[in-house]
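Visitor: Line by line, the protein sequences are chains A and B. At position 117 of the first sequence the residue is numbered 118 (the numbering used here), and the sequence of numbers has no breaks. At position 100 of the second sequence the residue is numbered 113 (the numbering used here), and the sequence of numbers has no breaks.
Simulated from the structure, these hints should not be mistaken for laboratory data. Worth double-checking, as some hints may not be accurate.
As the list claims (entries may be wrong) - The list that follows gives simulated cross-link-like pairs (lysine-lysine, BS3-like), each with its CA atoms no further than 30 Å apart:
id	chain 1	residue 1	chain 2	residue 2
1	B	K281	B	K430
2	B	K299	B	K33
3	B	K281	B	K156
4	B	K156	B	K33
5	B	K198	B	K299
6	A	K157	B	K449
7	A	K88	B	K360
8	B	K449	B	K430
9	B	K449	A	K25
10	B	K198	B	K361
11	A	K25	A	K151
12	A	K151	B	K449
Here is how the chains run, residue by residue.
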Amino acid sequence: MSDNVKGVFAHLDSLLTGIQRVRKAGYHDFTVTSPLPRHEIEEAIYDGIPSPVRWWTMTGGLIGGSGGFTLASLSSAVWPMTLPGGKPVVSVPAFFVVTFECTVLFAGLFTLLGLLFHCRLPSLNLDIEVQDPRFSLDRFGLIVHGAGAKRAEIAKLLHDAGADEVANAEASHG
Amino acid sequence: MQAAQTYADVNRDVLRPLFKPTPLWAGALALDLVVLAFGGYCWAHQLEWGLGVAGYTPPVFWGVYITTFVFWVGIGHAGTLISAILFLFRARWRTGIYRASEAMTIFAVLTAALFPIIHVGRAWYVFFLFPYPNQRELWPNFKSPLVWDVFAINTYLITSTVFFIIGLIPDIAAVRDGSTGLIRKVYNLLCLGWRGTDNQWRHYMAAYGFFAALCTPLVLSVHSVVSWDFAMAQTAGWHSTIFPPYFVAGAIFSGCAMVITLLVPLSKIFEWEEYINVWHFEHLAKLCLLTGSVLTYAYGIEHFIAWYSDNPYEWGIFVDRATGNYSWVFATMVFCNCLAPLIWWSKKMRTNLYVLFGVSLLINVGMWFERYNIIASSLAHQFDPGAWVYYQPTWVEMGILAGSFAWFGMWFLLFVKLMPAVAIAEIKEAMRPPLKHDHVEAA
């Protein structure tokens with residue numbers, strides 16, 4: 002028997018009521034699954050705190066930009082051709098393109114790493130036989146973890162909020 | 014077909030054509046592979062005998078291959094424009110078409126990336142393009158636009174591919190959840206075990222926004238950098254500051270036309286009229302009208318400045334383009350890019366699927382000839398009249414050109430059968446969410 006209680010919701014407003022009541026009742030270890038991103042869900046759970054992925058993007062951009070300019074500059078310094086017309090060996094306008102491209106490239110790759118890290122992906126331990134297929138179709142899920150002896154209380158809470166179905170679930174944390 | 018009323022309807026409609034090869038699809042793929050095989054044969058022939066089998070005539074050493082390279086990079090613009098820029102602008106008409114357009118972008122850039130390899134002749138030396146330290150203390154020249162281009166194209170390819178795949182992840186999970194057996198296992202691996210939890214969506218949406226913001230300047234920068242391959246050179250007809258905006262406008266023009274070319278039949282064959290329809294095509298046609306006007310202006314101002322500069326070489330090349338050996342190329346370009354799209358000023362015409370499809374094909378042809386016009390005519394008519402030649406492509410070059418379309422077509426055909434070509438989660442986002450409140454009120 003699992004320690005989780007799963008509520009399946011057909012309506013977004015019932016789900017939001019469910020989240021509100023679960024939090025109010027003092028349960029903070031729960032997972033909400035949905036077939037689409039809804040900002041109402043994020044606001045109901047995270048109180049407007051932004052995702053830390055942005056720091057990954059900025060770090061990648063800074064590393065990429067400085068790395069790109071350094072690559073172009075050092076490569077030119079290794080083979081310092083002074084051409085007629087007085088173009089400098091390290092030329093900011095000429096190296097701007099490489100600097101810009103490396104900024105975007107590394108910002109993108111770091112954003113990807115940040116996304117995977119914070120989403121805990123790839124999630125190799127996902128038991129696909131247990132994964133409820135309705136959660137990528139048209140149903141929202143609210144799974145309260147570690148219910149223990151309070152299972153009946155939580156089940157009632159979810160039911161009253163408007164869950165169409167309340168059951169024990171094997172689903173893991175997410 | 015029933016109208017999509019609920020979230021489940023979207024899954025039903027979008028996933029329906031997957032994994033079921035129809036005779037039409039299989040026939041198209043078979044024909045495509047035959048053309049691809051011929052293109053492969055032509056390339057093998059060139060690898061065996063060298064670049065002499067191409068029609069290069071000194072001093073023309075850039076021909077069909079570079080033309081086709083620029084053509085495919087240009088096609089690759091519309092997808093990211095639609096997926097990233099229109100996402101930031103919250104353009105609602107983007108939702109139905111962005112996935113297929115993005116796929117088109119990736120496959121177009123993949124196709125373009127073949128051409129530097131084919132063009133250098135000795136393909137096994139292509140790694141010389143990349144900046145790597147070697148024993149001869151020889152480094153690529155970072156002041157050369159060709160090196161900038163290596164960075165621009167690769168960054169564009171990698172970043173837009175990652176953006177595309179991130180967008181696909183929740184929809185691959187939807188394919189997984191709608192299937193059983195081996196397909197379920199494979200698609201679970203492909204979506205990395207996505208579950209759609211609050212935590213995952215939260216970071217996903219943040220990352221998606223950043224990717225859109227990162228891809229936006231790339232849309233404008235890639236073709237600007239490609240245009241510098243020409244504009245930085247001291248060749249009459251190329252050495253012009255108008256090139257970056259002129260090339261970017263041309264790229265968006267050709268890319269939107271290619272989206273129309275691909276999606277008009279796709280929405281019909283897959284019965285996706287509810288998700289991809291005239292409303293979307295009309296918006297694309299309007300984008301084509303805008304960028305086509307910019308392009309027409311650029312053609313005009315190029316000629317005007319060549320005349321006004323009083324530089325005999327510059328004016329000479331522009332007179333030659335319009336009246337010389339390549340006048341038929343010039344005429345095709347003007348007809349397809351400047352005149353044909355004008356029909357779309359009529360609302361009746363830009364909402365007619367046959368007209369949309371026909372004109373979009375003409376634009377594709379016209380944009381290939383535009384690049385051919387710029388590249389071949391300038392090189393064949395340089396400063397010294399003693400070096401004027403008439404470059405004509407050989408069957409090998411034309412075979413490789415045809416093969417490039419087949420290569421692109423193969424990826425696109427496989428994509429529409431293996432992946433959801435309409436973004437399921439985003440279509441749902443555009444719908445009104447199911448609310449209990451509504452039911453209570455209705456009762």
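Visitor: B/K281 and B/K156: Cα distance at most 30 Å?
Guide: violated (49 Å)
Visitor: Is the Cα-Cα distance between B/K281 and B/K430 30 Å or less?
Guide: holds (15 Å)
Visitor: Would the pair B/K198 and B/K361 pass a check requiring their Cα atoms to be no farther apart than 30 Å?
Guide: Violated, at about 48 Å.
Visitor: Does B/K156 pair with B/K33 here, judged by a C-alpha cut-off of 30 Å?
Guide: Answer violated: B/K156 to B/K33 is near 51 Å, above 30 Å.
Visitor: So if I understand the rule, the pair passes when the alpha-carbon distance is 30 Å or less; does B/K299 with B/K33 pass?
Guide: violated (35 Å)
Visitor: Mind checking the alpha carbons of B/K449 and B/K430 for me, to see if they're no more than 30 Å apart?
Guide: Given pair B/K449, B/K430 is violated - Cα atoms ~36 Å apart, limit 30 Å.
Visitor: For A/K25 and A/K151, compute the direct alpha-carbon distance and say whether it is at most 30 Å.
Guide: With a Cα-Cα distance of about 15 Å, the restraint between A/K25 and A/K151 holds, given a limit of 30 Å.
Visitor: Would the pair A/K157 and B/K449 pass a check requiring their Cα atoms to be no farther apart than 30 Å?
Guide: Holds - the C-alpha atoms of B/K449 and A/K157 are around 18 Å apart, at most 30 Å.
Visitor: Are the Cα atoms of B/K449 and A/K25 separated by 30 Å or less?
Guide: Holds. B/K449 to A/K25 sits at ~21 Å (cutoff 30 Å).
Visitor: Assess, step by step, whether the Cα of A/K88 is no farther than 30 Å from the Cα of B/K360, and give holds or violated.
Guide: Roughly 54 Å separates the two Cα atoms, so the pair is violated.
Visitor: Do the alpha carbons of A/K151 and B/K449 lie within 30 Å of each other, as the hint requires?
Guide: holds (27 Å)
Visitor: Is the straight-line distance between the alpha-carbon of B/K198 and that of B/K299 30 Å or less?
Guide: Not OK: B/K198 and B/K299 at ~43 Å, beyond 30 Å, violated.
Comparing the model with each earlier hint shows violations of hints 2, 3, 4, 5, 7, 8, 10; every other hint is respected.
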